[in-house]
Amino acid sequence: MSKKEIPDELRNRLDEFDVEVPEISPKNQMERLANWIYAPAKNPMELLGINGNSIIRLTFFPLILVLILFFTPIFLL
Amino acid sequence: MSLNKETTSADMEKREAYSIGKLFLMYKTPIYQFIYRYCQDEQLCLDIVQDTFIRFQKYQKHFDEEKSSIKTYLFRMAYQLMINRLKRRSRLEKLLPFLYMQSQQHTLSHEDKLTVQSAILQLPDEQRAVILLTYYHDMPQKDISEILDIPIGTVKSRLYTSLRKLKALLEVSE
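Residue numbers (my numbering), protein chains in the order written: chain A, 847 to 923; chain B, 940 to 1113.
If we strip away everything but chain A, and leave its shape as in the complex, we get (with noise of 0.2 Å):
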């Protein structure tokens, strides 16, 4: 089978996916990297999935946290 054995209507709507390309060019790894360090951080909040509102999510979080640390030790002994 070919492109041109595609009905028409199918093809119609494969058209529709156009695709924009942005300016490309050719960086060495460099370039990259230095790009890479240069990037905004992300907030650790959003990495946790803490919104505004989430309140729940933010007093439990820290609470998980202290009881890893204090259980931690009692499988450790």
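Calculated from the structure, these hints are not laboratory results. None of the hints are false.
Keeping only pairs whose Cα atoms sit at most 20 Å apart, straight-line, the calculated SDA-like set for lysine to any residue is:
1) A/K849 <-> B/V1111
2) B/K1104 <-> A/E855
3) B/K1106 <-> B/A1058
Please build the complex by placing chain B on the supplied structure of chain A, with the hints as guidance.
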């Protein structure tokens, strides 16, 4: 001695034809489009396009123009790099799911409207690449089998299945 000179000049011509700058200008767009349609992640696409040419520069000596075309070779490299990155990402996602929570929520909110983009994403990975290379890049089945490292028969069956699935997903009549 003259034979040596001829071989050297032939090598030089070949190197000139495959100069990284020219190849980059020629193939960055189709490779970006292929990767973007496959994973729909802009940052990953930019990285893959750059990595493909860095890798090509490194392994240029291994390219044999009798075995495959330069386009097929570059697409194969890009595809392998993308698959490796996606595998690594999915492993990380299993280990640290909270890092990916937000992106999943973002995907779910768009599910009510089934566009061609989301229909393509719903295809299984192995079928997605076949339909993209056939339709958007007009590649012959032999080249697709080289890029994906699968037999031509598998390319044919995957194309047939993916088209049937796409028709069903997009509610296109036969």
